[in-house]
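Add chain B to chain A, keeping to what the hints say.
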Amino acid sequence: TQLLEQSPQFLSIQEGENLTVYCNSSSVFSSLQWYRQEPGEGPVLLVTVVTGGEVKKLKRLTFQFGDARKDSSLHITAAQPGDTGLYLCAGSTSYDKVIFGPGTSLSVIP
Amino acid sequence: DAGVIQSPRHEVTEMGQEVTLRCKPISGHDYLFWYRQTMMRGLELLIYFNNNVPIDDSGMPEDRFSAKMPNASFSTLKIQPSEPRDSAVYFCASSLGDSSYNEQFFGPGTRLTVL
Numbered sequence: 001t002q003l004l005e006q007s008p009q010f011l012s013i014q015e016g017e018n019l020t021v022y023c024n025s026s027s028v029f030s031s032l033q034w035y036r037q038e039p040g041e042g043p044v045l046l047v048t049v050v051t052g053g054e055v056k057k058l059k060r061l062t063f064q065f066g067d068a069r070k071d072s073s074l075h076i077t078a079a080q081p082g083d084t085g086l087y088l089c090a091g092s093t094s095y096d097k098v099i100f101g102p103g104t105s106l107s108v109i110p
Numbered sequence: 001d002a003g004v005i006q007s008p009r010h011e012v013t014e015m016g017q018e019v020t021l022r023c024k025p026i027s028g029h030d031y032l033f034w035y036r037q038t039m040m041r042g043l044e045l046l047i048y049f050n051n052n053v054p055i056d057d058s059g060m061p062e063d064r065f066s067a068k069m070p071n072a073s074f075s076t077l078k079i080q081p082s083e084p085r086d087s088a089v090y091f092c093a094s095s096l097g098d099s100s101y102n103e104q105f106f107g108p109g110t111r112l113t114v115l
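Line by line, the protein sequences give chains A and B. Under the working numbering, the first residue of the first sequence is numbered 1, with each subsequent residue one higher. Under the working numbering, the first residue of the second sequence is numbered 1, with each subsequent residue one higher.
So that you can see chain A by itself, here it is in the shape it has in the complex (with noise of 0.2 Å):
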């Protein structure tokens, strides 16, 4: 079964910090997605990753794919309290659904 860990599971920090956080599986995944999930609502996409040691900037938010293809990093540069959610990621192997992490909760505080 395949499994994706996330952490830290909680983070609060002021706003203009820079932080990172990290998706781990010990499975190899074809792609790995993250969301951001705000309060109230359903998750939405920010970015899909499918390459090795692949990058994504997306503004301030940094997204690398870990070239063995089982992690993943969001840096985020100069946080926002419009930053605020849950991040989850989220992937799939070459044969098996989509699954989630768990998420990391982020509070930026202005």
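Treat the hints loosely; a few may be bogus.
What the hints assert, rightly or not - With a Cα cut of at most 16 Å, we get these calculated EDC-like pairs of lysine to aspartate or glutamate: (1) B:Lys78 - B:Glu14; (2) A:Lys97 - B:Asp56; (3) B:Lys68 - B:Asp30; (4) A:Lys97 - B:Glu14; (5) A:Lys56 - A:Glu38; (6) B:Lys78 - B:Glu62; (7) B:Lys68 - B:Asp57; (8) A:Lys56 - A:Glu41; (9) A:Lys97 - B:Glu62; (10) B:Lys78 - B:Asp30; (11) A:Lys97 - B:Glu44; (12) A:Lys59 - A:Asp96; (13) B:Lys78 - B:Asp63; (14) A:Lys97 - B:Asp98; (15) B:Lys78 - B:Asp57; (16) A:Lys70 - A:Asp83; (17) A:Lys97 - B:Asp63; (18) A:Lys70 - A:Glu15.
Since the hints were derived computationally from the structure, they do not count as laboratory data.
Just chain B now, kept in the frame of chain A:
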């Protein structure tokens, strides 16, 4: 397109009652997913459909839960009888595929409280 539509947004019921949650996926999406989200267990996949046919229901917790998709534009998740431990937010999502190459579009969720 209005996105994935779920109803009701909130449901409060008493233990033992039947609960029916409804979902309208995005037109043209062949895949429909039902998830349950709690603080303790996170986002759990309950069941998903491809072209109205259930593909994987291994996440359905027990026989009290059932899901149907009578046509491409409508699905229901039913709990009968409901129990307090079923309290959670239930999400419906639709997609063009079932791998993480494909974006899942989530509805706003139904917050269920069973007293």
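Evaluated hints:
no. : hint              : verdict
1   : B:Lys78 - B:Glu14 : holds, 15 Å
2   : A:Lys97 - B:Asp56 : holds, 9 Å
3   : B:Lys68 - B:Asp30 : holds, 15 Å
4   : A:Lys97 - B:Glu14 : violated, 34 Å
5   : A:Lys56 - A:Glu38 : violated, 22 Å
6   : B:Lys78 - B:Glu62 : holds, 12 Å
7   : B:Lys68 - B:Asp57 : holds, 11 Å
8   : A:Lys56 - A:Glu41 : violated, 25 Å
9   : A:Lys97 - B:Glu62 : violated, 21 Å
10  : B:Lys78 - B:Asp30 : violated, 21 Å
11  : A:Lys97 - B:Glu44 : holds, 12 Å
12  : A:Lys59 - A:Asp96 : violated, 31 Å
13  : B:Lys78 - B:Asp63 : holds, 10 Å
14  : A:Lys97 - B:Asp98 : holds, 6 Å
15  : B:Lys78 - B:Asp57 : holds, 14 Å
16  : A:Lys70 - A:Asp83 : violated, 25 Å
17  : A:Lys97 - B:Asp63 : violated, 23 Å
18  : A:Lys70 - A:Glu15 : violated, 31 Å
Checked against the numbered hints listed earlier, the structure breaks hints 4, 5, 8, 9, 10, 12, 16, 17, 18; every other hint is satisfied.
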